[in-house]
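Protein chains: 2
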Amino acid sequence: MKSLIIASTSTVHGGTPLEYLLEELKIHFNDTNDILFVPYARPGGISHDDYTSSVEKAFRQIHKSIKGIHEFKNPLETLKQSKGIFVGGGNTFVLVNQLYKTKTLQPLKEAINSGIPYLGTSAGSNICGLTMNTTNDMPIVYPPSFKTLGIVPFNINPHYLDPIPNSKHMGETRETRINEFLTYNTQPVIGLREGSWIKVKGNSLKLEGGLKARIFEYGKKPYEIEDNADLNFLK
Amino acid sequence: MKSLIIASTSTVHGGTPLEYLLEELKIHFNDTNDILFVPYARPGGISHDDYTSSVEKAFRQIHKSIKGIHEFKNPLETLKQSKGIFVGGGNTFVLVNQLYKTKTLQPLKEAINSGIPYLGTSAGSNICGLTMNTTNDMPIVYPPSFKTLGIVPFNINPHYLDPIPNSKHMGETRETRINEFLTYNTQPVIGLREGSWIKVKGNSLKLEGGLKARIFEYGKKPYEIEDNADLNFLK
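Taken in sequence, the protein lines are chains A and B. Going by my numbering, the first sequence wraps up at 235, each residue one higher than the last. Going by my numbering, the second sequence wraps up at 235, each residue one higher than the last.
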C-alpha cells in the first residue's frame, strides 16, 4: 500500500528542520530505523555529504539513521531494498535533472508504488505531481524533461504564498503564475502552504497540517479547501 | 551600431505600462514611428492580439504605431525590415519556447546586431542575456533550450527583489537563488531592480534609471554598483 507524506516545506518559520513533522514521521517510518536520503536537490548548492549530515541530525531526534543514496555503489538496487525514503528540498530543476541523469526516476516510482514509505519536502514533494511545471525554483540547470513521478494525479505548488498586502513589487503573485500555467495545461494544481502536507495511504489522499490549501482547476476560479479535506476529487 | 534598452520591468509601482520610460523611448525610437511588437511572452496567458492592443495604447502617447509580429505572414522578413523592435514581458519560458518554435531567435539576434533599436522589458530583457537560467518565472512550458540571445555577455535577473525584512516565508530569497545558479554556472548575473535598465549603444553598456544594481560573480560575494555604472567589466 502506497504511503507518502508530501510536505510543503522541511522547515516552518521559527522551527528547526523537520521539527514540526517529527511526531508524524515517527508513525510514518514506524517499521524501520533506516531511511535512505536523496540529497540531489542540493539547497544552496551544498554537497550531497553536507546535505545528508544535516538531515541525519534532524532524524537522530526520533532515532532514525540516515544514509545518502550517493554513498551506494548501486543506487537503483539500494532504492529497491530500502525501508523508507526521504527526498529533500532544494532546487527542483537540479533534483529532476539528477534523477534523470542517474536513471533513478522510474525506480523511485516503483519503490513508492511497492509501498516503501516516502517523505518529500518542497522539491521532493513537487516531484510527486504529474510535472514540475509549478515549481517556484529558478531554472539554474536544464533537465531533460519536466515530467515527474505522477504519484498524485495533479501538480503541486509547495511553499504556496498568498499575495503580500501592499507590496510595491510588480512581479506576478503565485496565484497569477498558477493561473497562467492553466492557460497551457489542464491538470489541477494544489497550492500547499508551509506547514501543510498531503498524506497518501493506498488510495486515500488527504490534506493535513492544520491549514487550508488553495486549489486551481482549469476553467474554474481558484478556491480554498479545508484541513483534512479528501483530495480524491482532484484529477 | 547596436542600440538597446533592457529594462527590468514594463511598469513601476503606481505607474501605467511603460510610463516611466516614455521620455527615454522617444529618443530611443527617434528614427521611426513604427515599432514591431513581439507579444510571445503572453503575460497572464492573454492573446497576442490583446497584448498588442495594450502596448499600442502605451506607445500612442509618444505617437508611435505598433504592429504585432503575429499579424505578418512572413515574420522573419518583417523582423529584418523593421525599424524598431519591442519584446514585452510575461512568462520567459513561454517567450523562449515560442521564439524557438517560430525560429525567430536567430533572426532577432541578427536584427539587433544590425542596429535596429530594441526595447526589452522583463522577459524581453531576460532573453538579452546568455541564458534564461536566471528568470523568476514559473516553468509553465518546456522550451527546447534555455539558451537566449547573448547580446550582453552575462545573465539578467529582472525584477530583482531585495530580501523582505521579517518575512516568515521559508522559500529562498532572490540572492540565495542567484548564488545557487553560480554553483552550476560561471557567467555573471546582474540583478536589475524595477525602474532600472541597461542601455546598450554599440560597445557601450551602462546602468540607468536612478537605482543601484546587484552584481553576482562566480567565486565572489554579491555587491552593488551605482546608477550610471559602466557594465563593460562584466563578462
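One should not assume that every hint holds.
As the list makes no split between identical chains, a pair holds if one copy fits it or if it spans any two.
Claimed, not checked - Here are the simulated DSSO-like pairs of lysine-lysine, each with C-alpha atoms no more than 27 Å apart in a straight line: (1) Lys199 - Lys168; (2) Lys168 - Lys206; (3) Lys67 - Lys221; (4) Lys147 - Lys101; (5) Lys168 - Lys57; (6) Lys103 - Lys147; (7) Lys103 - Lys220; (8) Lys168 - Lys80; (9) Lys221 - Lys83.
For the record, the hints were derived by calculation from the structure and aren't laboratory data.
Here's how the hints hold up against the structure:
| no. | hint | verdict |
| --- | --- | --- |
| 1 | Lys199 - Lys168 | between (37 Å within a copy, 24 Å between copies) |
| 2 | Lys168 - Lys206 | between (36 Å within a copy, 25 Å between copies) |
| 3 | Lys67 - Lys221 | neither (44 Å within a copy, 33 Å between copies) |
| 4 | Lys147 - Lys101 | both (14 Å within a copy, 20 Å between copies) |
| 5 | Lys168 - Lys57 | between (40 Å within a copy, 23 Å between copies) |
| 6 | Lys103 - Lys147 | both (13 Å within a copy, 25 Å between copies) |
| 7 | Lys103 - Lys220 | neither (37 Å within a copy, 34 Å between copies) |
| 8 | Lys168 - Lys80 | neither (50 Å within a copy, 38 Å between copies) |
| 9 | Lys221 - Lys83 | neither (41 Å within a copy, 42 Å between copies) |
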